[in-house]
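Given only the sequences and the hints, what does the whole structure look like? Please build it.
Chains as they are written, first to last, in the numbering used here: chain A, 1 to 296; chain B, 1 to 184.
Source of the hints: derived by calculation from the structure; they are not laboratory data.
None of the hints are false.
Selected chain B positions facing chain A (Cβ under 8 Å, derived; list incomplete):
| hint | residue |
| --- | --- |
| 1 | Gly91 |
| 2 | Leu93 |
| 3 | Leu98 |
| 4 | Ala141 |
| 5 | Ala146 |
Restraint ranges, calculated between C-beta atoms of paired labels, are given here:
| hint | chain 1 | residue 1 | chain 2 | residue 2 | range |
| --- | --- | --- | --- | --- | --- |
| 6 | A | Asn74 | B | Asp49 | 21 to 31 Å |
| 7 | A | Val234 | B | Trp173 | 51 to 61 Å |
| 8 | A | Glu31 | B | Thr159 | 30 to 40 Å |
| 9 | B | Trp151 | A | Phe19 | 27 to 37 Å |
| 10 | B | Val52 | A | Glu80 | 32 to 42 Å |
| 11 | B | Asp145 | A | Asp64 | 32 to 42 Å |
| 12 | A | Ile62 | B | Phe30 | 22 to 32 Å |
| 13 | B | Asp145 | A | Phe69 | 41 to 51 Å |
Cβ coordinates follow ideal geometry from the N, Cα and C atoms, glycine included.
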Amino acid sequence: METVPRFFRHGPGPLTRLFVFTLLSCLLIAEDTRFKYFPQLRQAIGVIIFPLQKIAYIPANIYDQTGDFIASFNLLEENEKLRQIYLDNREQLLKLQALEAENAQLRKLLGAVQQIEPASKTKAVLAEILFTPRDPFSHKITLNKGSQHHIQLGQAVIDEKGIVGQITQLYPWSSEVTLLTDKDHSVPVQVVRNSLRSVVSGTGKNDELELRYLSVNTDIQQGDLLVTSGIGGVYPPGIPVATVLRIERDPTGDFAQIISTPIAGVDRNRQVLILALVQPESHDTQEKSVIESGKN
Amino acid sequence: MNPEKIKNEQLNKEHYIAQEDVHAPASNWFVAASLIVTLILNFLPLQGDILVLRPDFLALALAYWNINYPYKMGMSIAFGMGLLMDAGNAGVLGQHALAYCVVIYLTQIFGRRLRLFNPLRQAPQIALILLMMQWVIVLVAVLSDALLPDWHYYLPIVTGVLLWAPASYLLKWLLKQKPDPDAL
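Right, here's the structure in full:
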């Protein structure tokens, strides 16, 4: 039997170890990017690191609170300003309500189908951004609300200006948002000016979105506002997404190259809103009644 | 300096001891705490320019322990910390794990050589190790359909190198804080 004193025992050499761990990492990477057999693994690690992320957020919290404290000195002024804005918005809201009523009536007259559920049927949850990754490869952010706060996969995330992204990974107390700018992320949109429908996709670069597969002679202009069309059911309709930045119409190609910039501060916010689309119950009951009447 | 003078300096016993090359022992708790603290530093919710400049604290800590206390550090620890970093980073699982393993491998190979230098002179060599680490991360990202990053991506190497010497001296100082034996 070989007896080596403990001091001289070293195990496999560094290169062997590196080889073993490289193999292990490659397996993990392949699993994570292609096969996705064990989503629980990510969940488990996510639960482990959650307290660390919480601790890391403490300085930001203190910073915010001191900021609030300093801001509280000119609260009166701000209150006045906000009241003014409220009154302005109030007027517009009243106008909007009148228009909505008129629109509904006109639609009834035309016998048009009711639109997809209006934006008022959404519920918003305020969430704070726990972490923004540093490397330019992952266009994702981590929020401090998770499945324990009744957040669900696929819910839209917005800020005060427009769409930020969509929830793609859920942990018990936190969740991951894939940003608009992610390469694999698309949003169904509509041009406000002429209600042209299309899909805007991320390019993997910050502040750049792409409208793909629109022909060279499409009626689209620089500065056009793109809002969600509501098709697909993930994003509620009418929320601003992007403005068209530049258009390159190359007559030899089939499609125009249309680059736009997101309106929301995709990489600049501390707080965002998670929009939960409340499933319209009336719709289901209507369908049921239709089926029942069909049976009869 | 002529070679003889250097030789004399190295042979001068008192000078050698005064160089403080003999490390104070580090407890396992201290190593573990430093890794957790650096992971938290990596998770700080920074934004904008500061985020671009943020060095990879965890990689620096792993390199420091593996150079100065190789028996306290291993590839399995680095792999585990890398997994935690990946999950927090919302990136590909295994990306940072592989990169940190490469850091451990390189520091293990060059560790004995690096220990000959003082932290100020180690710093440029650390830059190369950090560059290799970032290339591993880029390689994994590109293989999983990402675009090549622009030059901002390599700025943390600069900040990491600038941080290396102060951090090394700080850790050395922390490790030397021993209770006074005459206190009782």
